[in-house]
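Work out the full structure, taking the sequences as your base and the hints as a guide.
Here is how the chains run, residue by residue.
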Amino acid sequence: MSTGESQNEMLLEVMQAHASRIMESVPWAQALGLRLTRLEKGRAFAKVAWREDFVGDPDTGVIHGGVLTALLDNLCGVCINTALTRPKSMATLDLRIDYMRPAEKGRDILAEAECYHITRNVAFTHAWAYHESRDKVIATAAGTFALNDISRWASGNAAMEMASKLLGGQS
Amino acid sequence: MKTRLSEVQTFLDRTPFARFLGMRCEMKDGELIATLPFQDKFLGNVAINALHGGCTGAFLELTAIAGVFLESEMKQPPKPINITVDYLRSAKGEDLYARAIVHKLGQRMASVRAEAWQGDDPTKTVTAMQAHFLVSDAG
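Top line first, the protein sequences correspond to chains A and B. Throughout the first sequence, residue numbering follows our numbering, covering 179 to 349 in sequence. Throughout the second sequence, residue numbering follows our numbering, covering -18 to 120 in sequence.
Any given hint could turn out to be false.
[Stated by the list, open to error] Result set (DSSO-like, lysine-lysine): computed pairs, CA atoms no more than 30 Å apart in a straight line:
hint: 1; chain 1: B; residue 1: LYS105; chain 2: B; residue 2: LYS9
hint: 2; chain 1: A; residue 1: LYS283; chain 2: B; residue 2: LYS22
hint: 3; chain 1: B; residue 1: LYS9; chain 2: B; residue 2: LYS73
hint: 4; chain 1: B; residue 1: LYS22; chain 2: B; residue 2: LYS105
hint: 5; chain 1: A; residue 1: LYS343; chain 2: A; residue 2: LYS283
hint: 6; chain 1: A; residue 1: LYS283; chain 2: B; residue 2: LYS56
hint: 7; chain 1: B; residue 1: LYS105; chain 2: B; residue 2: LYS56
hint: 8; chain 1: A; residue 1: LYS343; chain 2: A; residue 2: LYS219
hint: 9; chain 1: B; residue 1: LYS73; chain 2: B; residue 2: LYS22
hint: 10; chain 1: B; residue 1: LYS60; chain 2: B; residue 2: LYS22
hint: 11; chain 1: A; residue 1: LYS225; chain 2: A; residue 2: LYS314
hint: 12; chain 1: A; residue 1: LYS225; chain 2: A; residue 2: LYS283
hint: 13; chain 1: B; residue 1: LYS73; chain 2: A; residue 2: LYS343
hint: 14; chain 1: B; residue 1: LYS22; chain 2: B; residue 2: LYS9
hint: 15; chain 1: B; residue 1: LYS105; chain 2: B; residue 2: LYS60
hint: 16; chain 1: A; residue 1: LYS314; chain 2: A; residue 2: LYS283
hint: 17; chain 1: B; residue 1: LYS56; chain 2: B; residue 2: LYS85
hint: 18; chain 1: B; residue 1: LYS22; chain 2: B; residue 2: LYS85
hint: 19; chain 1: A; residue 1: LYS225; chain 2: B; residue 2: LYS9
hint: 20; chain 1: B; residue 1: LYS60; chain 2: A; residue 2: LYS283
hint: 21; chain 1: B; residue 1: LYS85; chain 2: A; residue 2: LYS225
hint: 22; chain 1: B; residue 1: LYS9; chain 2: B; residue 2: LYS85
hint: 23; chain 1: B; residue 1: LYS73; chain 2: B; residue 2: LYS56
hint: 24; chain 1: B; residue 1: LYS22; chain 2: A; residue 2: LYS343
hint: 25; chain 1: B; residue 1: LYS73; chain 2: A; residue 2: LYS314
hint: 26; chain 1: B; residue 1: LYS60; chain 2: B; residue 2: LYS85
hint: 27; chain 1: B; residue 1: LYS105; chain 2: A; residue 2: LYS225
FYI, nobody ran anything at the bench for these hints, they're computed from the structure. These numbers come from a predicted model, not from an experiment.
Structural data, given as structure tokens:
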């Protein structure tokens, strides 16, 4: 196994062990109750429960698109670190969301994000939101992110800062 | 226009997610200006005191909806088809303002740009959004 691969595995293990803390240090993710459910190399999974105060159309009970924007944006950001050898801080450059069908009233929304390409400065991601499976999506996202050195630009994320320190001696 | 604005405000007041954000709308020099008074829960990165991109995006989407609603005779709010958000600068942990420019309002579709800024310079756009909506009341 190459050094890069083993470092990526270590970072992934640290993130998996502290998955709940990754969302905890993001106030808006907390306010919406976003929960990480699984992390794999280059992929992240999350869940958000339906809530009355998320409703965007009071006549139908359909959740506002802004909840999906936050969920998919955040999850895209998280999935990038699972593909890196050292954690980085990131900022969304642009995010495109396509709304395929309304989320159903009262049902949890599941989401997954995939980081499919990373360069020195930029990461490219796709994400999907659905009730059951990707075959019947509620919304899809395409997001690009600017990557920043975590030591020079604080991520504001306790779990990722800790991972950075843990892996610090191995660059 | 004034009665229509009160209808827009009524729509926002009875929309749970708009209340959750605490946004409000007013007319300034004939233009709709939306305001999002800052709350701690909007932050995405506490270390650099930056708003969460999902929060800015949600506010812009509601601003765009309000903009279309204001210019139309629709009874129901427009339904979003897609949005593209450009994060131009880091949005700081303070009040956010936005305006919507309705490029086209057709029979079925609307194309809207919404721009957000902070402080007193509306030309210094922090985040911009391009959105398409379905506007027919028949759905």
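Evaluated hints:
A threshold of 30 Å between alpha carbons decides the hint, and for B:LYS105 with B:LYS9 the separation of about 18 Å falls inside it, so the pair holds. This hinted pair checks out: A:LYS283 and B:LYS22 have alpha carbons roughly 24 Å apart, not beyond 30 Å. With a CA separation close to 24 Å, the supplied pair B:LYS9 and B:LYS73 stays within the 30 Å bound. The suggested pairing of B:LYS22 with B:LYS105 holds, with an alpha-carbon distance near 24 Å, which does not exceed 30 Å.
Straight-line distance between C-alpha atoms of A:LYS343 and A:LYS283 comes to about 43 Å, which puts the hinted pair past the 30 Å bound. A C-alpha spacing of about 21 Å is found between A:LYS283 and B:LYS56, which places the hinted pair at or below 30 Å, so the restraint holds. For the given pair, B:LYS105 sits about 34 Å from B:LYS56 by alpha-carbon distance, which is inconsistent with the 30 Å threshold. Of the supplied pair hints, the one linking A:LYS343 and A:LYS219 holds, its CA atoms being roughly 20 Å apart against a limit of 30 Å.
Using a Cα cut-off of 30 Å, the hinted pair B:LYS73 and B:LYS22 holds, with the two alpha carbons roughly 13 Å apart. This hinted pair checks out: B:LYS60 and B:LYS22 have alpha carbons roughly 26 Å apart, not beyond 30 Å. This hinted pair checks out: A:LYS225 and A:LYS314 have alpha carbons roughly 16 Å apart, not beyond 30 Å. In summary, the hint linking A:LYS225 to A:LYS283 is supported, as the alpha carbons are separated by about 15 Å, within the 30 Å threshold.
Only pairs whose Cα atoms come within 30 Å are accepted, and B:LYS73 paired with A:LYS343 is accepted, the gap being roughly 27 Å. Distance restraint check for B:LYS22 and B:LYS9: the Cα-Cα separation of roughly 28 Å lies within the 30 Å cut-off, and the hinted pair is therefore satisfied. In summary, the hint linking B:LYS105 to B:LYS60 is supported, as the alpha carbons are separated by about 29 Å, within the 30 Å threshold. With a C-alpha separation of about 16 Å, the suggested pair A:LYS314 and A:LYS283 falls inside the 30 Å cut-off, and the hint holds.
With a C-alpha separation of about 19 Å, the suggested pairing of B:LYS56 with B:LYS85 holds against the 30 Å cut-off. Restraint check for B:LYS22 and B:LYS85: not satisfied, since their Cα atoms lie roughly 34 Å apart, outside the 30 Å limit. In summary, the hint linking A:LYS225 to B:LYS9 is not supported, as the alpha carbons are separated by about 40 Å, beyond the 30 Å threshold. Taking the CA atoms of B:LYS60 and A:LYS283, the gap is about 16 Å. The hint holds against a cut of 30 Å.
At roughly 36 Å between alpha-carbon atoms, B:LYS85 and A:LYS225 are farther apart than 30 Å, so this suggested pair is violated. Straight-line distance between C-alpha atoms of B:LYS9 and B:LYS85 comes to about 22 Å, which keeps the hinted pair within the 30 Å bound. With a C-alpha separation of about 35 Å, the suggested pair B:LYS73 and B:LYS56 falls outside the 30 Å cut-off, and the hint is violated. A distance of roughly 27 Å separates the Cα atoms of B:LYS22 and A:LYS343; the hinted pair therefore holds under the 30 Å criterion.
The hinted pair formed by B:LYS73 and A:LYS314 fails the criterion: a straight-line CA distance of about 37 Å is larger than 30 Å. At most 30 Å may separate the alpha-carbon atoms for a hinted pair to count; B:LYS60 and B:LYS85 meet this at roughly 15 Å. Distance check on the hinted pair: B:LYS105 and A:LYS225 sit about 35 Å apart at the alpha-carbon level, beyond 30 Å; violated.
Hint compliance for this structure: hints 5, 7, 18, 19, 21, 23, 25 and 27 are not met, and every other hint is.
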